[in-house]
Structures are given as structure tokens and as C-alpha cells.
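**Q** Sequence:
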Amino acid sequence: MLLSIATLLFVFSAQAANPKYVIQISTDDSRTQKIVLNNEANLQKYYGADNVIVEIVAYSPGLGILMPKNKNASRVGELQQQGYSYICP
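Residue 1 is where the sequence shown starts when you use this note's numbering, and the numbers rise one by one after that.
Heads up, some of the hints might be wrong.
[Unchecked claim] Calculated cross-link-like contacts (lysine to any residue; reagent style SDA-like; alpha-carbon spacing at most 20 Å):
#, residue 1, residue 2
1, K45, S85
2, K45, I35
3, K34, L63
4, K71, I87
5, K34, Q82
6, K71, T32
7, K34, E55
8, K45, Y21
9, K71, Y59
10, K71, N39
11, K45, Y86
12, K34, Y46
13, K20, V57
14, K45, Q82
15, K34, Q80
16, K69, Q81
17, K69, T27
18, K71, S60
19, K20, Y47
20, K34, V22
21, K20, N39
Honestly, the hints are just simulated from the structure, not real lab data.
Please model the complete structure; the sequences and the hints are all you need to start from.
**A** Listed below in C-alpha cells is the structure:
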């Protein structure tokens, strides 16, 4: 169930040395959003901040993760300051 809500995709690139990850969020459930943010932080810890590219794609109810009143807003802000991207297609 969780995999259908927050899918973690690994993208291989022959031209780039750094691994690239895209994490999708499409729910307004704060627990699931926290898991997505934990996954993002864990990737940074594993590879090193300068050695991995991570983007979170939020759509539909998942856009709530980017709202100032969201329970996880401070964590999102911290990760943005560290250079992580959030995309709203």
C-alpha cells in the first residue's frame, strides 16, 4: 500500500556519476509524508550530500507537503536549504 502511495524510483544515468532518485508523493497523510522526507534524508546520509541528486514530485493531495501549515513544513524547508528539489507538475 505504501509503495503505491510513495514510490521510490531509481534512475541510472551513464553520463552522471551521482545517483539520481525521484520520490513521488500523492497523499496528504502526514505520516506518509514524513516517511518520504526520511527516505530523502537517508539517501543524503548514505551517499553524502554532494554525491546524490534527490527530487520529490508532489501532486494532487500530496501538494500539501509544500504548504506552510503542514506538520512537516520545517523539515521540507531544511531539506530545501540543503539543495533538494520539490516539483509540482
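**Q** A separate judgement is required for each hint: does it hold in the structure or not?
**A** Status of each hint after checking the structure:
no.	hint	in the structure
1	K45 with S85	holds, 16 Å
2	K45 with I35	holds, 15 Å
3	K34 with L63	holds, 14 Å
4	K71 with I87	holds, 19 Å
5	K34 with Q82	holds, 17 Å
6	K71 with T32	holds, 12 Å
7	K34 with E55	holds, 15 Å
8	K45 with Y21	holds, 14 Å
9	K71 with Y59	holds, 17 Å
10	K71 with N39	holds, 17 Å
11	K45 with Y86	holds, 19 Å
12	K34 with Y46	holds, 18 Å
13	K20 with V57	holds, 13 Å
14	K45 with Q82	holds, 12 Å
15	K34 with Q80	holds, 15 Å
16	K69 with Q81	holds, 18 Å
17	K69 with T27	holds, 15 Å
18	K71 with S60	holds, 18 Å
19	K20 with Y47	holds, 11 Å
20	K34 with V22	holds, 16 Å
21	K20 with N39	holds, 13 Å
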